[in-house]
Amino acid sequence: MVKRFSLKTLLAVLFFALMVYGQNTIGSNNNTNFRLQNNVNGNYMQYYHNFMQTLNPVNYCKNNKTNREDGLIFVIDTATVYSVSSSPKKYTYTYSNQGYRLTTLTQVEQNGNWENSTLQECTYDEAGNKLTSMWSFWDNNSWVPSSRTTNSYSPENNLLSSLSEIWEDDVWKYNEMDTYMYNTGGKVVSHIIQVWSDGDWANLNKEIYTYDASNNLITALGEVWLAGAWREDQQYVHTYDANNNMITVTYDEMQSGVWVHISKDTNTYNEANKKTNDLSKVWNDSVWVNNTNYSYTYNDLDYLEESTGEEWQNNNWVNFEKHTYSYGDYGGIETELSFLWDNDNWVNNYMKQYVYDDNGNALSGNYYYWDGSGWTQNQEAPLEMFYSYAGKTEVYLGYLCDAAYSSMIVGVDENNTNAYDVVCYPNPFNTVANVKFNLKEYSLVKATLYDINGKEIKSFGNDYLNAGTHNISVSSAGLKNGVYFLKLDLNNYVKTLKLSIVK
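FYI, the numbering for the sequence shown is 1 to 503, going by the working numbering.
Don't take every hint at face value.
[As the list claims (entries may be wrong)] The list that follows gives simulated cross-link-like pairs (lysine to aspartate or glutamate, EDC-like), each with its CA atoms no further than 16 Å apart:
| # | residue 1 | residue 2 |
| --- | --- | --- |
| 1 | 322 | 311 |
| 2 | 322 | 342 |
| 3 | 440 | 421 |
| 4 | 274 | 305 |
| 5 | 480 | 456 |
| 6 | 322 | 357 |
| 7 | 455 | 344 |
| 8 | 446 | 456 |
| 9 | 173 | 200 |
| 10 | 440 | 456 |
| 11 | 274 | 253 |
[Unchecked claim] Beta-carbon label-pair distances, calculated as ranges:
| # | residue 1 | residue 2 | range |
| --- | --- | --- | --- |
| 12 | 373 | 143 | 20 to 28 Å |
| 13 | 289 | 171 | 26 to 34 Å |
| 14 | 288 | 47 | 49 to 57 Å |
It should be emphasised that the hints constitute simulated quantities derived from the structure, not laboratory data. Note that beta-carbon positions come from the ideal geometry of N, C-alpha and C, so glycine has one too.
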């Protein structure tokens, strides 16, 4: 059987490919119905494409629940990715105390050893906005700069400019500049892309956006710089219902000075405002002609359960592809099954499977392809790893991904770090660690020990204590060597201590 893909699936794969930066880690989800015909520059209309991704029914499964208790989140420590097209890769991450990713180290397995490949280093402001991002590659046993991006923001934390540079001839050289403008609702109204050419900035592409009174995106206009002037190139026009659901999306191209229809999507929704149908038509001989039709069903939690695609053939709708989904306790996808319509039957196409820990962190992801008689792992695809109670995702390209996590407390006022004079000694420890703190008033004290995966190990009381100095002893009895986290709650002031057991 010949493996087939729908136009939506192929475009989604292209979208993923555009986001790969010479490695196997990539961006968002799949099945978005957009065109990349004029996207010669990978950033052209990228803001619009990212916006459309947020409306993808697959993304409904994502859980916005950041924590279960007082700022506890999980972050990826390492991810190991196995790919058909390249050697295994390992990604190792470090973070600030606020949970912002500081470094991403990529290593490639060579002759049984992990060899350095690339390094990304990032800085942030106090609001968590990424200020700089620099990429380096490993060459002759040292890191060599490759590219960097420098961002600026408005007082409202909106991205104003993004300057990219490349390292060449031992100096940084300008490459590209992205600038943004916003309306009073914080929505982008223009995005201009310029490239550095002959010692000056040269216009390349421009995006212009308009919104209604509810800040719904109405038009997205793409322009290109030709012969010293902006020329209209492509546009998307949207309409909405009373519940602010996007009803129609019309895509036009400028041809010989006239806007020409290309495609149009019409969406319908259920009472929960979840998309139930997406009918796509193409403009042919001055009339709209049916193209594809996707229908969606949901489970009791309003997570996408099944999507079915049909194609218009000989004036009839013919089944084409189908996807079914199942989920873990926190909303992360456990299984995605893809089927193709062949000889009036649904036949297996591919399967993605994920295994989670008790906190909604994907420990492993596998991609299987149906070779006609069984599931094999001889192809690769985007593997979306949900984590931190399925509130965040990281996407890798391969057939297998294994990930490990650690937990941290974020959102605590750092200015009050020493308000209770919390100290821990010794640390690392062999048998017992003593956590000493000072209470200025009669207070409720709670302490909980977690392992590196965020699993609760032990609770230390839930009592009111008088003002004064107190001590909590943490014993290593029954615990293995490694890293643990003690969450200390003192009268609603929360501090997390990282403890290391070395026996």
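Hint check:
Between residue 322 and residue 311, the direct Cα distance comes to roughly 12 Å. Compliance with the 16 Å bound is thereby established for this hinted pair. Straight-line distance between C-alpha atoms of residue 322 and residue 342 comes to about 12 Å, which keeps the hinted pair within the 16 Å bound. Taken as a hint, the residue 440 and residue 421 pair is honoured in the structure, with Cα atoms around 10 Å apart against an allowance of 16 Å. The suggested pairing of residue 274 with residue 305 holds, with an alpha-carbon distance near 12 Å, which does not exceed 16 Å.
Of the supplied pair hints, the one linking residue 480 and residue 456 holds, its CA atoms being roughly 14 Å apart against a limit of 16 Å. For the suggested pair residue 322 and residue 357, the alpha carbons sit about 28 Å apart, so the restraint of at most 16 Å is broken. Restraint check for residue 455 and residue 344: not satisfied, since their Cα atoms lie roughly 48 Å apart, outside the 16 Å limit. Taking the CA atoms of residue 446 and residue 456, the gap is about 13 Å. The hint holds against a cut of 16 Å.
For the hint pairing residue 173 with residue 200, the CA-to-CA distance comes to about 12 Å; that is within 16 Å, so the pair holds. Proposed proximity of residue 440 and residue 456 is contradicted: the alpha carbons are some 28 Å apart, above 16 Å. Using a Cα cut-off of 16 Å, the hinted pair residue 274 and residue 253 is violated, with the two alpha carbons roughly 29 Å apart. Between residue 373 and residue 143 the Cβ separation comes to about 47 Å, which falls outside the hinted range of 20 to 28 Å.
In this structure, residue 289 and residue 171 break the distance hint of 26 to 34 Å, their C-beta atoms being roughly 55 Å apart. Our hint of 49 to 57 Å for residue 288 and residue 47 is violated, since their Cβ atoms are close to 27 Å apart.
In terms of the numbered hints stated before, the structure departs from hints 6, 7, 10, 11, 12, 13, 14, listed from lowest to highest.
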